[in-house]
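Peer 1: These protein sequences, in sequence, are chains A and B. Counted the way my numbering counts, the first sequence spans residues 220 to 498. Counted the way my numbering counts, the second sequence spans residues 53 to 368.
It should be emphasised that the hints constitute simulated quantities derived from the structure, not laboratory data. Note that the coordinates shown come from a computational prediction; the quantities given were computed from them, not determined experimentally. Using N, Cα and C, we set each Cβ at its ideal position, and we do this for glycine too. Treat the hints with care, as some may be off.
[Stated by the list, open to error] Cβ pair distances, simulated, as ranges: (1) Glu-80/B <-> Leu-325/A: 26 to 36 Å; (2) Gly-323/A <-> Leu-57/B: 36 to 46 Å; (3) Ala-77/B <-> Pro-441/A: 27 to 37 Å; (4) Ser-136/B <-> Val-238/A: 16 to 26 Å; (5) Ile-121/B <-> Ala-390/A: 19 to 29 Å; (6) Ile-357/A <-> Tyr-314/B: 39 to 49 Å; (7) Ser-273/A <-> Ile-289/B: 33 to 43 Å.
[Claimed, not checked] Chain A side only, calculated, beta carbon under 8 Å to chain B, not exhaustive: (8) Arg-231; (9) Pro-255; (10) Gly-323; (11) Leu-325; (12) Glu-327; (13) Ala-350; (14) Ile-471; (15) Leu-476.
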Amino acid sequence: MKQFLKTAMHNRSFATGIVITCFIVLMAAVSFIWTPYDVTNLDITAKLKAPYGSHWFGTDHFGRDIFSMIMVGARNSIAVALAAVIIGVGIGVPVGCWAAARGGQLDEVLMRGNDVVFAFPSLLSAAMIAAVFGPGAINAIIAIGIFNIPVFARLSRGAALTLWPRDFIMAARAAGKNKTRITIEHIIPNMANVLIVQATVAFALGIILEAGLAYVGLGTQPPTPSWGKMLNEAQTMMSFAPHMAVIPGLAIVISVLGLNLLGDGLRDVLDPRLSRKRD
Amino acid sequence: MILFLIRKILWAAATLAVASVLVFAALEIVPGDPAQVMLGINATDDAIAALREDLGLNKPALERYFSWIFGLLQGDLGKSYTYSVAVRELVADRITISLPLALLALVMSTAIAIPVGLYAATKRGSIADTTIMAVTQVGYAIPNFWLALLLVYILAIWLQLVPAGGFPGWDGGLVPALKALFLPAVSLALPQAAILSRITRSALLDTMGEDYIRTARAKGLSFRATIWKHALRNTMIPVLTILGLQFAYLLAGTIVIENVFYLPGLGRLIFQAIALRDLIVVESAVMMLVATIILINLVVDLAYLWADPRLRHGRP
């Protein structure tokens, strides 16, 4: 681990990405115990203030402190995106590994099932789920999670297929291990690198999607602050309070950029062969 | 090649069928009675019973599914409960905004991304390449609806160059309509262009590493001619795949962007229908979007035939 970090920190993408990501996570963590102002505290006398001394990022139309809302919103973005990645990995990887291990018709059927899921962009599934159960953060998690499943299924199937003919897998089979055990003991650990990189990318995309869902009112519901919701509220006030739209947007861009850089960096560090080909 | 075609078309049909079952099933699992959900808690029992009859909810699910499907195939999408008009009219009206918007965005993003990606690949390692890579890195971290808000602020509110939202309709002439779709399309296109240009760049770099490219260069072909005659078509295969996926993403993206610009497209229709709990409209509108995505993926598969001659000669 120490050695890994030493090499990794020499990679510019990784170093920048990890710093940004840690900063966002730290901000979210700190918000549990401290924020400059209480986000449920309405102060109409201080409403729509542009950034100034005691309110670094200004205030919104209810006089709430935008910096505090960004901190609490980070919590929400991270939670939704992370849960969606867990759904994607938790279902997608077993499906992909199973398809690769069994092959034949099962493989074909599972991968075609993936194509069907691909036809449902997360916004559409979220719209449908919201139509049935009503909007909410859980919706967003399910919709983005469903979208993640085929991504991880395809990736892990592809990775597993290249591993199965390898000598060390042959050896394991000769030793009498069954396919499930080989998958758990050898296949998955050997594809962990690709999965980690993809998980980072999916995390970043999850943050954008969550913001989009919250923006159109299908995600996190008020009064819980969320970056997407803040942008929605800012829209009608663009002409006189542009800071309300600029700041949450920047928060999204910076976190996504950080995660993408981290993903790129991880790929370079974990799989130097691949990175040489790409750059 | 014929076999490849038939197989692809059959798969698309099967995917459509499964997708329709999923859409239908999703609305079947509405907790409680759909008629009750649509009418709200204050509805009288009579009104609920009447709506149940109207929607055919008293028939078994299988029968309702098939009558829905046969209706869809004949262009009958059912009747909207809240608008009291045929869903077909609603959808036909709205799709003339959403589809052109998504296509316009796709054309823009491709027109920007492919030249930029190819240029960056041919100038690999130069300052231009590094700059392009940095810009695209930031570009694809930008949510399209935020870009839309910023563009509205700068171009519509501040400089007053374009309308901030709304749609004059196609009847008012092509120019005002396209003008209204311009900013929405740009906001959808730019973040996608960032991804696509990175993919184009790495696809061309991959291709340029192949042996046959070295052979072409060795026989004295110029760098430019090698790219145009040999590398470009092979580069297009991964690019095509992504284009298909991007179209799905753009079409779904219109749902959000229509909200920023107050465009009366399919997305707005879906949201209004959700707010009014008009499940029939949601069901049909979602199915239309999913069907469009599946059809576009079929077109992409067929485009492989052009890009990859191996497919034309039988073996994939």
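Peer 1: Does each hint hold? Answer for all of them.
Peer 2: Structure-based check of each hint:
Restraint check, Glu-80/B to Leu-325/A: a C-beta distance of roughly 27 Å satisfies the suggested window 26 to 36 Å. Remark: the range hint 36 to 46 Å for Gly-323/A to Leu-57/B is contradicted by a beta-carbon distance near 24 Å. Between Ala-77/B and Pro-441/A the Cβ separation comes to about 31 Å, which falls inside the hinted range of 27 to 37 Å. For Ser-136/B and Val-238/A, the Cβ-Cβ distance of about 57 Å falls outside the hinted range of 16 to 26 Å, so the restraint is violated.
Between Ile-121/B and Ala-390/A the CB atoms are about 52 Å apart, so this pair departs from the stated range of 19 to 29 Å. Here the CB-CB span from Ile-357/A to Tyr-314/B is close to 29 Å, at odds with the stated 39 to 49 Å. The supplied range of 33 to 43 Å is broken by Ser-273/A and Ile-289/B, whose beta-carbon atoms lie about 57 Å from each other. Hint status for Arg-231/A relative to chain B: violated, with the closest Cβ pair at about 11 Å, above 8 Å.
Hint on Pro-255/A is violated. Least Cβ distance to chain B is approximately 24 Å, over the 8 Å limit. Against a cut-off of 8 Å between C-beta atoms, the interface hint on Gly-323/A is violated, since the closest Cβ of chain B lies about 17 Å away. Among the interface hints, the one on Leu-325/A is violated; its C-beta lies about 16 Å from the nearest C-beta in chain B, farther than the 8 Å criterion. Because the beta carbon of Glu-327/A sits about 10 Å from the nearest beta carbon in chain B, more than 8 Å, this interface hint is broken.
For Ala-350/A, the interface hint holds, the least distance from its beta-carbon to any beta-carbon of chain B being 4 Å, beneath 8 Å. Hint status for Ile-471/A relative to chain B: holds, with the closest Cβ pair at about 6 Å, below 8 Å. Because the closest C-beta pair between Leu-476/A and chain B is about 4 Å apart, less than 8 Å, the hint holds.
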